[in-house]
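Engineer: Sequence:
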Amino acid sequence: MFFPISLMPLFAHQKAEDLLQGYLQNDLNVKKLTNSLQNQVLEDKATKISNGWNFKIESGTVTVTTDGEHRRVTFSPSAELSIPQLNNLTLGASADIKYKEEDGTDTKNKSLYMSVDLYSKNKQKLEVTKLKSERSVLEASRALQNGLITAEKDFYTELKSLYSTAASIVKAENDLYDDQLAFNEIRAKGYIAGSLKYRQAEMKVLSGERNVEINKRELERQTKIFASKCGIEYDGNDAVEFLPDSVPQAEAVDVLSFKKEAFAKIEKATWTNRINTLNRNADSKITVRGKAGYTFDNSSTDSDTLDLGSSLTWNGTGLTASAGVSWPLKTDSFYPVYTFGLSFSPQPFLLANITDQQKEIAEEQEKIDIQSAEKDYQTEMISRQTQLSDIQWKKKTNEESLDMYKKLAADEERYYRQGYVTQSEYRNAKANKENYEIQCLINDIELLIYNDETKLLFCRDDEIKAIK
166 MFFPISLMPL
176 FAHQKAEDLL
186 QGYLQNDLNV
196 KKLTNSLQNQ
206 VLEDKATKIS
216 NGWNFKIESG
226 TVTVTTDGEH
236 RRVTFSPSAE
246 LSIPQLNNLT
256 LGASADIKYK
266 EEDGTDTKNK
276 SLYMSVDLYS
286 KNKQKLEVTK
296 LKSERSVLEA
306 SRALQNGLIT
316 AEKDFYTELK
326 SLYSTAASIV
336 KAENDLYDDQ
346 LAFNEIRAKG
356 YIAGSLKYRQ
366 AEMKVLSGER
376 NVEINKRELE
386 RQTKIFASKC
396 GIEYDGNDAV
406 EFLPDSVPQA
416 EAVDVLSFKK
426 EAFAKIEKAT
436 WTNRINTLNR
446 NADSKITVRG
456 KAGYTFDNSS
466 TDSDTLDLGS
476 SLTWNGTGLT
486 ASAGVSWPLK
496 TDSFYPVYTF
506 GLSFSPQPFL
516 LANITDQQKE
526 IAEEQEKIDI
536 QSAEKDYQTE
546 MISRQTQLSD
556 IQWKKKTNEE
566 SLDMYKKLAA
576 DEERYYRQGY
586 VTQSEYRNAK
596 ANKENYEIQC
606 LINDIELLIY
616 NDETKLLFCR
626 DDEIKAIK
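Under my numbering, the very last position in the sequence shown is 633; numbers go up by exactly one each time.
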């Protein structure tokens, strides 16, 4: 005799919460995303250092010569402090030093100088770099957050598959029992073994036995794989005994409780447009830089000089111009030294118009992406609410059916013991009860999966601190 497996009393050896915890701990993608977040935090720190102040000291090229009797050493040391946040402010000092063994040290062109952007958009560019770096950390945090949710969803999806296979075993064993009854009836009627009727009934029994065995083997295979993902060794041969008898109960996540702006596609498209707009605005057409300094014992004038200079870069035209003047001080003569420079490259000028058109197209595409994301939002709102309604309806009808079959199974058992109903009728009622017990478990899992899928649609930055 074959009896349907009594599932619920045997679903007791593992708790779903413990299995889930093990599943998350063994998920390699979660570990990978954790490392990625840690690396991105370090990248952000490196960016902040790179965009902060910088101090540099150089010896210059050191040249050592000798004539056989005396050595001579020349070098041009310098030191420079740059602060990009203060309009690219640079403070520096330099000198030309000559050391002759026979004459001692001679220092010329000792210079102190300061240079700064008089007009540029370097500060805006630094802000864009800072925002992009911070965004990378945020996106890595979100990826880890969603990685955990995705792993949880995968866990419940696999668990649902196990329960579905278990339900298939219940049905297959009950069908086999019915086929055996029919086969026994054929034999009782005196059909010989070689008759068509006999062989058809026998084949149904053999096919049913094979179907039961296939489902049992499939459940064992799935359970071994599932257990290994949860970090548990499964050496048993009764997968049903391994499965939990319940899953965490949860309230349905209301998709309307999230702000529209938090919809992941809208948030990403809006951010992309915002940062690209800032980046486009940071592209300055003109950059003007000024420089002032004081040179002691300037070799060009043989006196101390006050040095002033400026440079202009006209982006998009390939034109660069510079001019400077050094005024002699502490001398009777006043003959300034002027410097000029000019360079031009036609290629940037030829490309400027193309670049401007590309920027306009990119901005228009970004706006289209925002509109597309908003359209996807409306579609998802309808889809999510409809799916939740279906899950809740299915759960309600399954619970009603379970309650009905529980009562029916109890009555059928009593009537069967009293001889009023057949064993087949009792077994059918019991199998239906067990089937709906599993279906109710599956409904609970479907709600958990629905909640995870809904969360993945939105940015939930308020939850990020909890996972760091």
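A portion of the hints provided could be inaccurate.
To be verified - Label pairs and their in silico Cβ distance ranges:
1) L346 - E406: 39 to 49 Å
2) A427 - L296: 42 to 52 Å
3) L477 - T228: 47 to 57 Å
4) K180 - K524: 51 to 61 Å
5) S329 - K210: 25 to 35 Å
6) Y580 - I357: 15 to 25 Å
7) K210 - K540: 35 to 45 Å
8) P513 - Q552: 15 to 25 Å
9) D555 - L296: 14 to 24 Å
10) E245 - T442: 33 to 43 Å
11) I214 - D555: 27 to 37 Å
12) E590 - S411: 41 to 51 Å
Don't read these hints as lab results, they were simulated from the structure. Note that this is a predicted model, so its numbers are computed, not measured. Ideal Cβ positions, reconstructed from N, Cα and C, are used throughout, including at glycine.
Engineer: Quick check: which numbered hints come out false for this structure?
Structural biologist: Hints 1, 2, 3, 5, 6, 8, 9, 11 and 12 contradicted; others consistent.
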